[in-house]
Amino acid sequence: MVCSIVPPYILRRLAAQGSPRFSAVARAAREALLHVGAVHAARTSAPTAPAGIRQLEPSPVNRSVFDAKSGESLPGQVVRKEGDAATGDPAVDEAYDGLGHTHSLYADAFGRNSIDGLGMPLKATVHFGRMYDNAFWDGQQMVFGDGDGEVFERFTRSLSVIGHELAHGVTQFSAGLAYRNQAGAINESVSDVFGALVEQYFRKQTAAEASWLIGEGLFTPQVEGSALRSMKAPGTAYDDDVLGKDPQPDSMDSYVRTRSDNGGVHINSGIPNRAFCLVAQTLGGNAWDAPGQIWYETLTGGSLSTATTFTAFAKATAATAKELFGEESAEHDAVRGAWETVKVKL
Amino acid sequence: MKITVERSGGIAALTRVWTVQAVTTSEKSRWQPLVEACPWDAVDDPRQAPDGQPDGQPDRFMYSIRAGQRRATLPETAVTGPWRVLVESTRTAAEESRPGGGEAGFRR
Chain W
1185 MVCSIVPPYI LRRLAAQGSP RFSAVARAAR EALLHVGAVH AARTSAPTAP AGIRQLEPSP
1245 VNRSVFDAKS GESLPGQVVR KEGDAATGDP AVDEAYDGLG HTHSLYADAF GRNSIDGLGM
1305 PLKATVHFGR MYDNAFWDGQ QMVFGDGDGE VFERFTRSLS VIGHELAHGV TQFSAGLAYR
1365 NQAGAINESV SDVFGALVEQ YFRKQTAAEA SWLIGEGLFT PQVEGSALRS MKAPGTAYDD
1425 DVLGKDPQPD SMDSYVRTRS DNGGVHINSG IPNRAFCLVA QTLGGNAWDA PGQIWYETLT
1485 GGSLSTATTF TAFAKATAAT AKELFGEESA EHDAVRGAWE TVKVKL
Chain G
16 MKITVERSGG IAALTRVWTV QAVTTSEKSR WQPLVEACPW DAVDDPRQAP DGQPDGQPDR
76 FMYSIRAGQR RATLPETAVT GPWRVLVEST RTAAEESRPG GGEAGFRR
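Quick mapping for you: the protein sequence lines, in order, are chains W and G.
Read in the numbering used here, the first sequence has 1471 at position 287, and its numbers run on one by one without any break.
Read in the numbering used here, the second sequence has 71 at position 56, and its numbers run on one by one without any break.
Incorrect hints may have been included.
[To be verified] Sample of chain W residues facing chain G (criterion: CB under 10 Å; computed from the structure): (1) ASN1318; (2) THR1355; (3) LEU1402; (4) LEU1427.
[What the hints assert, rightly or not] Label pairs and their computed distance ranges (CB to CB): (5) W/GLY1303 to G/THR95: 31 to 37 Å; (6) W/GLU1524 to G/ASP59: 37 to 43 Å; (7) G/GLU51 to W/GLY1313: 23 to 29 Å.
No wet-lab data here; the hints were simulated from the structure.
All C-beta atoms, glycine included, are put in the ideal place defined by N, C-alpha and C.
Work out the full structure, taking the sequences as your base and the hints as a guide.
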């Protein structure tokens, strides 16, 4: 067990350091603060979810990419292992690079040791199935289809999609959010948030510079659309004669009640997606810093119920922001303001 | 007999629909065995799974299959054996769009 001798008010000041020169100490202070919070919570109530796993020194990435050769047996034939040269197959090399960029975000920004927090090797299979229009995390590894060529290109083209799917793994190993109704929409949103952060961190884009699009480049040129989803402006990612219009709401005023899509998990995720984007835009700078830290600690800190609601999640992010940065901080204000804008009650 | 395969979910959450109509005697004799081979009564509705993930895998597809009065909803990982044959046959016939072949499109 790690114990802290530094008082919480000093940790808060350190955690709030915005200068890159102090980023390591700020991160360490936030880690310590969260630990203090977790110990306090453990003393006062029984945990509702597994506590987050923290290791200060993540192990190096260990990747393997496999080729399913248009079949559906996993993992397939290994075609590139860690340290091997590029193969020339775009799907293989994009998957390899995407796994690496995702590992880097979690290691560098959040001190997380791979997807499970314990340094698990990262595996991906490409060329899965015939004209397969999807990418998914099967609980142990990534799987990518080549797309049908008419609506979708190969799914390795989008780094935010790779980050999205691997974030489902992080959720699986931390908050374990259910995949239905509001908890499912939070599960989906968290994957979009960290998918976007993987892409922004790789491109070194600030919140103002980022596109906030999920799945940019996946649609073929025949489709009238820029991406699968827009975190900045939910509901505007595509509007196509064949596909129809992006159905995401941008606030609780247009929340969609439906039985399909597990209760609209990919639809209502637009609401918490926009909340995160608003936090990042309000604070400025890099979204993987304070905004990402608040969302990451909320997801992995052990306070979320697996059946969490939008309101419970919003309250948890505000509590994390208060714990990390203080009640009067810009970060706490930004989180509260964002949820107010999307009309989720705190 | 009308056969409809609706595939929802996936990371894109777009719903695709493939439909065939078995009208003539020869069409019915082709499709009836494919439909009869499926264990329609042995399927639990996966949407009733406690955590919403019947196969424990977010972003996988969900298939709703209808043939005449019969209907079943299966997670992608359960579309195997006769179900796989029925789904693939419907999709292929619908996409060929030949007379009596059927229709393929998106639910908007």
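Hint check results:
no.: 1; hint: ASN1318; verdict: holds (4 Å)
no.: 2; hint: THR1355; verdict: holds (8 Å)
no.: 3; hint: LEU1402; verdict: holds (8 Å)
no.: 4; hint: LEU1427; verdict: holds (5 Å)
no.: 5; hint: W/GLY1303 to G/THR95: 31 to 37 Å; verdict: holds (34 Å)
no.: 6; hint: W/GLU1524 to G/ASP59: 37 to 43 Å; verdict: holds (42 Å)
no.: 7; hint: G/GLU51 to W/GLY1313: 23 to 29 Å; verdict: holds (27 Å)
Violation of the numbered hints given earlier is absent; every hint is satisfied by the structure.
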